[in-house]
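Single-letter residue listing:
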Amino acid sequence: MNPQHLNILILFIVMLIIIVGVFVYVYRTSLPRNTEGSGQSGLSNPNQKRFLFFVILAAVLVILLTATLPKTPYYYFANEEPAKVVFVVARQFSFAMSYQSGKPGTPPPNEAIELPAGKTVEFRVTSNDVNHGFAIYDTQNQLIVQTQAMPGYVNRLRWKFEQPGHYSIRCLEFCGAAHAFMESSFLVK
Amino acid sequence: MAELKHKRVLSLWILTVFLLFVASIIMGILMRLTQGNAMKMDVSGFFEIMTVHGATMIGIWFVAGMASVHYLLHRYVRVTTWINLFAMVFTVIGVVMLWCAAFIGKFHAGWTFLYPLPLFVAWKHWATPVFLSALGVLSVGWLVWSVGMLVAIFKKYTLQQAFGWQYFKKVHQVDTPPFILITVVTLIGIVACLLTALLLLGLFFSEIASGNKLVHDALLMKNLTYFFGHTVANEILYLCLATLYELLPEVSGRPKWKNSWYIALAWNATMIFILFAFFHHMYMDFVQPEAMQVIGQLASYFASLPAVAVTLFSVLAFVFKNSIRWTTTNLLFFLGTMGWIIGGVGAVIDSTISANVFLHNSLWVPAHFHTYLAMGSVLMSLAFFNWVVFDFYNQSEPEKISRLQIILLLIGGFGFLLMFYLGGAYSIPRRFNVYPSQLSIGSALALAAAAFAVVYLIAIILINIRIVKRCIKIFSSASS
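Just so you know, the protein sequences line up as chains A and S, in that order.
Taking the numbering used here, the leading residue of the first sequence gets 3, the next gets one more, and so forth.
Taking the numbering used here, the leading residue of the second sequence gets 4, the next gets one more, and so forth.
A few of these clues could be false.
To be verified - The list that follows gives simulated cross-link-like pairs (lysine-lysine, DSS-like), each with its CA atoms no further than 25 Å apart:
| hint | chain 1 | residue 1 | chain 2 | residue 2 |
| --- | --- | --- | --- | --- |
| 1 | S | K109 | S | K172 |
| 2 | A | K162 | A | K86 |
| 3 | A | K51 | S | K259 |
| 4 | S | K127 | S | K109 |
| 5 | A | K105 | S | K216 |
| 6 | S | K173 | A | K51 |
| 7 | A | K51 | S | K109 |
| 8 | A | K51 | A | K73 |
| 9 | S | K261 | A | K51 |
| 10 | S | K324 | A | K51 |
| 11 | S | K159 | S | K172 |
Hints were generated in silico from the structure; no laboratory data involved.
In this text the structure is predicted, and so the values were computed from the model without any measurement.
This is chain A alone, in the form it adopts within the complex:
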């Protein structure tokens, strides 16, 4: 598992433990053996605590938004000139990839793709039929980046591959019976 996937999983597991812990703790405070004779009766100043809870939660969300929104994939390497442009046409159930764009009404060109390591490359992704996914898996079989292949539109995805090796492409948008077998690959040198 690569670090970004692991971090997400750890974040989720930590939140899971906190939430379950809070629910178990609160539940236990309500059991008769813990309430009888203790003189306790609910949360004191609930609205004050609710407001505090709201403010903390809102602050956390704003911090997360501020930290994550600038990292959207729409502007990945936007200020760099791509060293290679790859035209991708998805169709049931394969990808055609070429350094040349195809001509309307003709089969899309398809050739083996080799990309330079450490340089920005651009994929221009579209579909000839239904919606498909264009998901790039690294040499460790981890999904690193993706876009959709939509008929009538071209999605431009820029990326810089640091590690040389074989990268896989999988369709991640359900596109029919052979969806699971729709894959391709390219080489980074």
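Dock chain S against chain A, hints included.
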């Protein structure tokens, strides 16, 4: 006490939901066993089951929430039984058509029927129009149901009162029960998404009628699809929360919750946020205007704010250091709230654009929505069912909780879900019938998930035995 005919219709809803739920869980287990290479299934058959599983699960828990709200509405307003029966007839017809389209017609484009896949026919030609018509029948039935309930509410409450706007003034003379407020807010969202579904289906049929000469814009169709699909799935939970607000204090032997300015504000805000959160389904369509992508993340994040600061906080404060008479009903409401919040965390992570770029359409997606459905709204609906079968006889629910049932439910439910989350973290794609050798860990996780799902199924059956027996009794006694 509700009239006998209302009880009879609700019993029928509960029995229908239970039967279809068990069938749909079994379908889910079969899919996970196939992904785990423990059994072989025809490729088309797998995706037919996937289509039916998704549509049926969404449909049954939607109608469970609607039927629950309809039953409780009798406490405040006069709602007619005929809209309930109308919805029942349309639901049965819709489900039969949908199952026929999939299992006889071999339709397998998924319950989200993402344009233009249903028009690339790889099944019997009649199956696409029948599937789309099935969704049309369901939408019409549910739209009439929703509008009927809204009309009943607006006959008693003014617009301002129904939305709780009087709480924003210093003095107000009329109180709006939180149940009415949440029901109105939720039904507005439901009406919006069902109207969108009908528009979407109309566009599909216009293309079919033109012999595929009239081609629609794929991005527009996708936006319409997810406005419908995402919103309807979310509103299921809010229907359940309406019942929670109404019943949790009551079954715990405590005073009813009263409305206030912050509850009114929270639910009005939720109504707005939830209508824009669906944009997060389009994050990976880079051609979608970026403003919409940002609105998607903002709406998804801030939808959690009123929900957590008001509903979660209220539930926890209600239980904290208060002597609660724990019954199966309030415990299921409490656990359902926990499941909803855990699923919400998974959803917020997935709705972060920079994380969605490597989580989109991985198993993380079914992970989070299965969490807030299977361990959130399902538990809340079961809480209502458990309560109502005693209400049928004007009885109080005995203070009896089966620890075995709860333990099986938690282990089965969260074990099954954890396999999805791990799958997402390992980049295992969703909606694959088999996993390639490079992603073989997906098969191991699927097998473990199937085992946990069997435990969950056993717990669901055990919890429902008493409910089903009482529903059969009330239904047969009413018909004799």
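These are the hints, each one checked on the structure:
no., hint, result
1, S:K109 x S:K172, "57 Å, violated"
2, A:K162 x A:K86, "11 Å, holds"
3, A:K51 x S:K259, "21 Å, holds"
4, S:K127 x S:K109, "6 Å, holds"
5, A:K105 x S:K216, "21 Å, holds"
6, S:K173 x A:K51, "22 Å, holds"
7, A:K51 x S:K109, "55 Å, violated"
8, A:K51 x A:K73, "34 Å, violated"
9, S:K261 x A:K51, "18 Å, holds"
10, S:K324 x A:K51, "15 Å, holds"
11, S:K159 x S:K172, "20 Å, holds"
Comparing the model with each numbered hint stated earlier shows that hints 1, 7, 8 do not hold.
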